[in-house]
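Asker: Could you put together the complete structure from these sequences and hints?
These protein sequence lines map, in sequence, to chains A and B. Just so we're aligned: 143 in numbering that gives the first Met the number 0 is position 144 of the first sequence, and the numbers increase by one with no gaps anywhere. Just so we're aligned: 52 in numbering that gives the first Met the number 0 is position 53 of the second sequence, and the numbers increase by one with no gaps anywhere.
Be careful, since some hints might not be right.
[To be verified] Beta-carbon label-pair distances, calculated as ranges:
#1 B:Glu121 x A:Cys267: 36 to 44 Å
#2 A:Leu358 x B:Arg28: 25 to 33 Å
#3 A:Arg361 x B:Pro131: 34 to 42 Å
[Claimed, not checked] These stretches of chain B come out as covered by chain A in the derived footprint (C-beta under 8 Å, 3 or more residues):
#4 4-13
#5 100-111
Quick caveat, the hints were computed from the structure, so don't treat them as lab data. Ideal Cβ placement from N, Cα and C applies to all residues, glycine included.
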Amino acid sequence: MKVAKIKVKDNIEKTVLSFLRETIDKKLFDAILIPMMVPAGDSYAWVLAQDKSLLDGAYYLPPIMSVQGAKALSSVTKGGKVNKRVAAIMRPCEIRAAIELSKLNQIELENIFLISMDCPGALPLKDWLKDPKRGVDVFKKVIQHFVDEEPKPDKSVRPACAICHRFSDSDAVDLHIGILGTEGEDILFIPHSTQAEAIFAELGLSLNENLSRWQKGVDEVLKQRKKKRAQVQEELKSTVVGFDKLLDTFSNCINCHICQSVCPICYCRQCYFDSDKVKHPPDDYLMRAESKGNISLLPDKILFHLGRMSHMALSCVGCGACEDACPMSIKVAQIFSLIADRSQGLFNYIAGKSIEEPLPMRVYEDDEFHEVESP
Amino acid sequence: MKDEFKPRIIGFLCNWCSYAGADLAGTSRLQYPPSLLPIRVMCSSRVDPLFVISAFLRGADAVLIAGCHPGDCHYQEGNYYARRRFACVRKVFETLGMESDRLRLSWISASEGPRFANVITEYTEKIKKMGPNPAKKNIFL
Ligand code: SF4
Ligand code: SF4
Ligand code: SF4
Ligand code: FES
Numbered sequence: 000m001k002v003a004k005i006k007v008k009d010n011i012e013k014t015v016l017s018f019l020r021e022t023i024d025k026k027l028f029d030a031i032l033i034p035m036m037v038p039a040g041d042s043y044a045w046v047l048a049q050d051k052s053l054l055d056g057a058y059y060l061p062p063i064m065s066v067q068g069a070k071a072l073s074s075v076t077k078g079g080k081v082n083k084r085v086a087a088i089m090r091p092c093e094i095r096a097a098i099e100l101s102k103l104n105q106i107e108l109e110n111i112f113l114i115s116m117d118c119p120g121a122l123p124l125k126d127w128l129k130d131p132k133r134g135v136d137v138f139k140k141v142i143q144h145f146v147d148e149e150p151k152p153d154k155s156v157r158p159a160c161a162i163c164h165r166f167s168d169s170d171a172v173d174l175h176i177g178i179l180g181t182e183g184e185d186i187l188f189i190p191h192s193t194q195a196e197a198i199f200a201e202l203g204l205s206l207n208e209n210l211s212r213w214q215k216g217v218d219e220v221l222k223q224r225k226k227k228r229a230q231v232q233e234e235l236k237s238t239v240v241g242f243d244k245l246l247d248t249f250s251n252c253i254n255c256h257i258c259q260s261v262c263p264i265c266y267c268r269q270c271y272f273d274s275d276k277v278k279h280p281p282d283d284y285l286m287r288a289e290s291k292g293n294i295s296l297l298p299d300k301i302l303f304h305l306g307r308m309s310h311m312a313l314s315c316v317g318c319g320a321c322e323d324a325c326p327m328s329i330k331v332a333q334i335f336s337l338i339a340d341r342s343q344g345l346f347n348y349i350a351g352k353s354i355e356e357p358l359p360m361r362v363y364e365d366d367e368f369h370e371v372e373s374p
Numbered sequence: 000m001k002d003e004f005k006p007r008i009i010g011f012l013c014n015w016c017s018y019a020g021a022d023l024a025g026t027s028r029l030q031y032p033p034s035l036l037p038i039r040v041m042c043s044s045r046v047d048p049l050f051v052i053s054a055f056l057r058g059a060d061a062v063l064i065a066g067c068h069p070g071d072c073h074y075q076e077g078n079y080y081a082r083r084r085f086a087c088v089r090k091v092f093e094t095l096g097m098e099s100d101r102l103r104l105s106w107i108s109a110s111e112g113p114r115f116a117n118v119i120t121e122y123t124e125k126i127k128k129m130g131p132n133p134a135k136k137n138i139f140l
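Answerer: Written out as structure tokens, the structure reads:
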């Protein structure tokens with residue numbers, strides 16, 4: 000494969016930004032969807048930047064995931080395609096969520112140029128909020144450890160990131176930004192579409208093969224993350240698996256549904272669990288209380304979680320947004336990772352990996368799953 | 000003497016095949032245990048995973064989904080989708096260590112009255128052995 004290598008000037012962040020600035024300057028894109036630091040300096044918001052000077056406060060890889068990127072893209076293209084050329088630069092899990100949403104008709108990808116990067120992870124929102132300034136420094140360290148010739152796992156990233164093994168997935172993007180194995184000295188721009196190659200030509204970027212250092216970094220991080228994933232899932236099995244343990248796990252859930260509202264994949268325009276369908280007449284609750292002697296309120300907490308799992312685990316991209324936002328620090332994303340791996344595995348499906356692969360619930364085969372039929 | 004455990008099975012039966020099969024079992028006066036609470040749906044594919052989970056959490060000892068045999072769905076392909084969905088809910092149950100045997104999918108045609116009676120008899124026996132659904136008495140759901 001041919002890639003373009005750019006020497007890092009100042010730091011990776013600034014070098015990527017100057018690349019993006021040039022694409023706007025040369026009118027290769029009309030706008031760029033990218034996170035930008037808010038004036039208060041304590042968070043990052045998605046913006047559609049149309050002017051290169053506006054890219055100043057932008058961060059292609061911010062320390063936190065405030066709004067999941069696919070949600071931002073969906074808010075722009077839910078009503079149809081954009082008529083200008085927009086580059087969207089998002090973490091791999093945000094890209095995968097965008098691919099899932101495009102299959103669900105909630106994102107229109109026409110005219111959208113997708114850019115992803117090697118992702119070291121994001122910091123937990125709760126840690127970040129305690130001291131954003133410190134968070135910026137912590138994240139610098141995270142990146143340093145990540146791009147090192149001997150990459151080291153960093154304990155400050157979110158649990159979902161520590162077990163993410165698709166941190167460098169790039170099948171569905173136009174352009175991937177490789178930083179692994181580079182010691183922060185250079186950046187690899189890896190084209191995945193003819194459009195990307197055309198843009199390189201416009202910018203006079205020459206393609207020279209040199210992926211071995213990067214590939215080594217990718218493989219090493221992959222090894223670490225996979226190991227961690229297996230270990231975490233094994234531990235989860237002993238704490239979550241079994242009906243009673245499951246109830247214990249969710250026992251301090253306050254039924255706020257925040258995990259659902261921040262999830263990019265919870266695509267229903269109205270969630271069933273917020274609809275009138277779950278509001279029953281008083282007698283219904285009294286009847287339930289009578290048969291059990293008692294019921295806990297708010298009702299239907301476990302129904303919500305099991306329902307959500309069975310509705311969207313097939314498309315869960317493991318982005319960790321749910322867990323990051325949960326006010327009760329419930330391991331929602333880690334539990335979802337378990338369910339998602341198993342249920343996607345039934346169909347050899349990987350959520351968001353490829354735009355061509357149909358959603359498993361949209362297709363079937365005549366001769367399959369006989370093991371779940373009872374004679 | 001302790002009351003004998005009588006399983007309660009919620010059955011989602013498709014209108015065109017399995018519900019008619021149940022009807023036939025009734026009009027043919029076939030004997031089977033009174034454990035089933037049938038709910039008629041237009042097609043097995045109408046059964047959202049939530050129906051199943053809801054029934055389970057509200058204390059059903061088992062949930063049966065029954066529809067036309069593959070190839071015979073009134074809407075051509077509904078039961079193929081139903082089967083995929085069912086495989087998924089079962090997987091969720093299995094992964095979380097909940098008893099997935101309390102969920103069952105069977106194909107029963109309109110002419111299979113005896114088969115319907117058999118399925119209910121056999122499934123009731125199986126659930127009897129498993130005992131009551133643990134969710135029945137749990138209040139923190
Ligand atoms: S889950 Fe974490 S590590 Fe994986 S792509 Fe998303 S933010 Fe990056
Ligand atoms: S369930 Fe959680 S981890 Fe999965 S896609 Fe939704 S927010 Fe991301
Ligand atoms: S965000 Fe946390 S507390 Fe709120 S419903 Fe989800 S799991 Fe429960
Ligand atoms: S109509 Fe019977 S399964 Fe579809």
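Asker: Does each hint hold? Answer for all of them.
Answerer: Hint check results:
no.: 1; hint: B:Glu121 x A:Cys267: 36 to 44 Å; in the structure: holds (38 Å)
no.: 2; hint: A:Leu358 x B:Arg28: 25 to 33 Å; in the structure: violated (46 Å)
no.: 3; hint: A:Arg361 x B:Pro131: 34 to 42 Å; in the structure: holds (38 Å)
no.: 4; hint: 4-13; in the structure: violated (count 0)
no.: 5; hint: 100-111; in the structure: holds (count 4)
When the structure is compared with the earlier hints, violations turn up for hints 2, 4 and for no others.
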